[in-house]
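Enquirer: From first to last, the protein sequence lines are chains A and B. Take the first sequence: its position 254, counted from the start at 1, is 253 in numbering that gives the first Met the number 0, and no numbers get skipped. Take the second sequence: its position 284, counted from the start at 1, is 283 in numbering that gives the first Met the number 0, and no numbers get skipped.
Hints are computed from structural coordinates only; laboratory data are not their basis. Worth double-checking, as some hints may not be accurate.
As the list claims (entries may be wrong) - Quick list of the computed label-pair ranges, beta carbon to beta carbon:
hint	chain 1	residue 1	chain 2	residue 2	range
1	B	Pro-67	A	Gln-207	36 to 42 Å
2	B	Glu-283	A	Asp-48	22 to 28 Å
3	B	Thr-198	A	Gly-104	54 to 60 Å
4	B	Arg-31	A	Pro-100	25 to 31 Å
5	B	Ser-10	A	Asp-48	35 to 41 Å
6	B	Lys-205	A	Lys-259	21 to 27 Å
7	B	Lys-53	A	Lys-259	21 to 27 Å
8	B	Arg-207	A	Lys-62	47 to 53 Å
9	B	Thr-198	A	Ser-18	31 to 37 Å
10	B	Gly-123	A	Lys-62	43 to 49 Å
Think of the CB as a built atom: it goes at the ideal place given N, C-alpha and C, for glycine as much as any other residue.
Now for the letters of each chain:
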Amino acid sequence: MGIFEHKAAVVRNDEVAPSTFLMELESPSIASAAKPGQFVMLRVWGGIDPLLRRPFSICSTGKGTILLLYRVVGKGTRVMAETEAGTQLSVLGPLGRGFEPPGTGEDCLLVAGGMGIAPLAFLARSWEDKSVSFMAGYGTASQIIASEHMGIHGIEIALATDDGSAGFHGPVTGLLEGALEREGKKIVYSCGPAAMLKRVASLCREKQVDCQVSLETVMACGLGACQGCAVPAAAGAGKNTYHVCQDGPVFSGLSIDWEKL
Amino acid sequence: MNYREPDLQVSFGPLKLKNPVVTASGTFGYGREYAEIVDPNLLGGIVVKGLSLKPRPGNSAPRIVETPAGMLNAIGLENIGVEAFLKEKLPWLKTLDTAVMVNIYGHSTEEYGAVAAALKGAEGVAALEINVSCPNVKKGGMSFGTDPVASAEVTEAVLKNTDKPVIVKLTPNVTDICAVARAVEHAGAHGLSLINTLTGMAIDIKTRRPRLGNISGGLSGPAIRPVALYMVYHVARAVKIPVMGMGGIMDAGDALEFLIAGARAVQVGTANFVNPKASLDIIEGLKQHCVDHDVQRIGDLIGTLKT
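Bound-form chain A, shown alone:
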């Protein structure tokens, strides 16, 4: 337990799909304390522009290391993509609340969209003893990240692509709809774009299946101090907003006001 802040050496920083990288950082303290669904705040360099740390779900842990999966989308991730092995980066974590384990006999349905596969990969790896069905959606086949990069072995990942170039032609929630029809008690774990999570939460609500979603927002501190990462709480929560960094990033699908998000 605990939160750590230290300089971590970049062990590797490999492009695993176009513009998509896996960065492995040496952090025995965070690696041993981290739970699936938790995140770290990474200072991508020592300069002041970009200034703020960037939040990343922990994608996997190795021997004293943590893996972060990212796609190059802006200033911060561009700097990261150019980072060479051996560079020391300040990392803060593990932060936030992770996923709660399933109830007895529940099948775990893992539903990932794009980079949202990161925390679910960690979950699948940690729960190899549980019944896990993993489905992942991408825009197109070239974006698919091979399971072994994320340390996942022995679990088949069912694929969906928006353009039909691999697996199911359509959104990953299409695969979920089928899986929800199957017999038996289920619980859904999901991470991905907000629109996808909204659909996941709504499908689960219809089928009365528990679902835990991991949300992504911009944040400055990651510690509950800046209150920059507010998301709207569902009616009856007793509060107007949750803070993703502390109340989350994992929430029950029922606790979020998806219309206002």
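Please build the complex by placing chain B on the supplied structure of chain A, with the hints as guidance.
Expert: Chain B alone, transformed into the frame defined by chain A:
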């Protein structure tokens, strides 16, 4: 060698600070959020998140956006309210060996007075810091802090309702910050802190939407530091009460600039997000500077700008 540990203590009006490094309101929560990483007992002081009379939910998202060498925030002063602060936060804060300062705000002069009254006699509160940058509901939403008369009225209302030293946090979004500084000094403030954030905005050119839910927000970080330093320099010369300088301070060198310009202490804000240990690193850096430059007391450097 005749080595002596440099003396980092500073006086700030009636307050004695163990060192001149204070964490800024809104960037350090209620102290406890950082406690696993930063031993608060090492700090000169902590200014807690701004409190209003009643809890406030804050603005809609997005509340923060990064800008070149800085960030815009429009949190909307989300806070738990003064009552919950006294019950839930102060008991832990008062066990600390550091100066706990409580930032307060209101939407009317009376509300400022009422928050101060609620904190009257509260053990463990070293001082109040008044945020005068809020919109004055009775005057069409114009910020109290942009008007010397309204700023002085708020200061008087707080002083009337408190037994604590009162520091007024000035907004830079004015034509003449020295005029506001002099007005609140005349009203009886024990000290000043400056600068609060500079108003700014950012636009997503693809969606043509503002990047903040609130459209505009407050700019902080290294981007504002030269502006802040300029204002601290002028205000420190315009008033006799002590000044706490802030605005984009990231390291000890930055802090020293403010001290040399005339600040008796500094506040560290946005830097806490970038480097959670920034405040402690600055304290160590100040100590090292004193050793390297044969300065026995950090106070000896205050206001020593050569022009």
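Enquirer: Work down the list of hints and note, for each, if the structure agrees.
Expert: So, going through the hints one by one against the coordinates:
no., hint, result
1, B:Pro-67 with A:Gln-207: 36 to 42 Å, "violated, 49 Å"
2, B:Glu-283 with A:Asp-48: 22 to 28 Å, "holds, 25 Å"
3, B:Thr-198 with A:Gly-104: 54 to 60 Å, "holds, 57 Å"
4, B:Arg-31 with A:Pro-100: 25 to 31 Å, "holds, 28 Å"
5, B:Ser-10 with A:Asp-48: 35 to 41 Å, "holds, 37 Å"
6, B:Lys-205 with A:Lys-259: 21 to 27 Å, "holds, 22 Å"
7, B:Lys-53 with A:Lys-259: 21 to 27 Å, "holds, 22 Å"
8, B:Arg-207 with A:Lys-62: 47 to 53 Å, "holds, 49 Å"
9, B:Thr-198 with A:Ser-18: 31 to 37 Å, "holds, 36 Å"
10, B:Gly-123 with A:Lys-62: 43 to 49 Å, "holds, 46 Å"
This entry does not satisfy hint 1, going by the numbered hints stated previously; all others are met.
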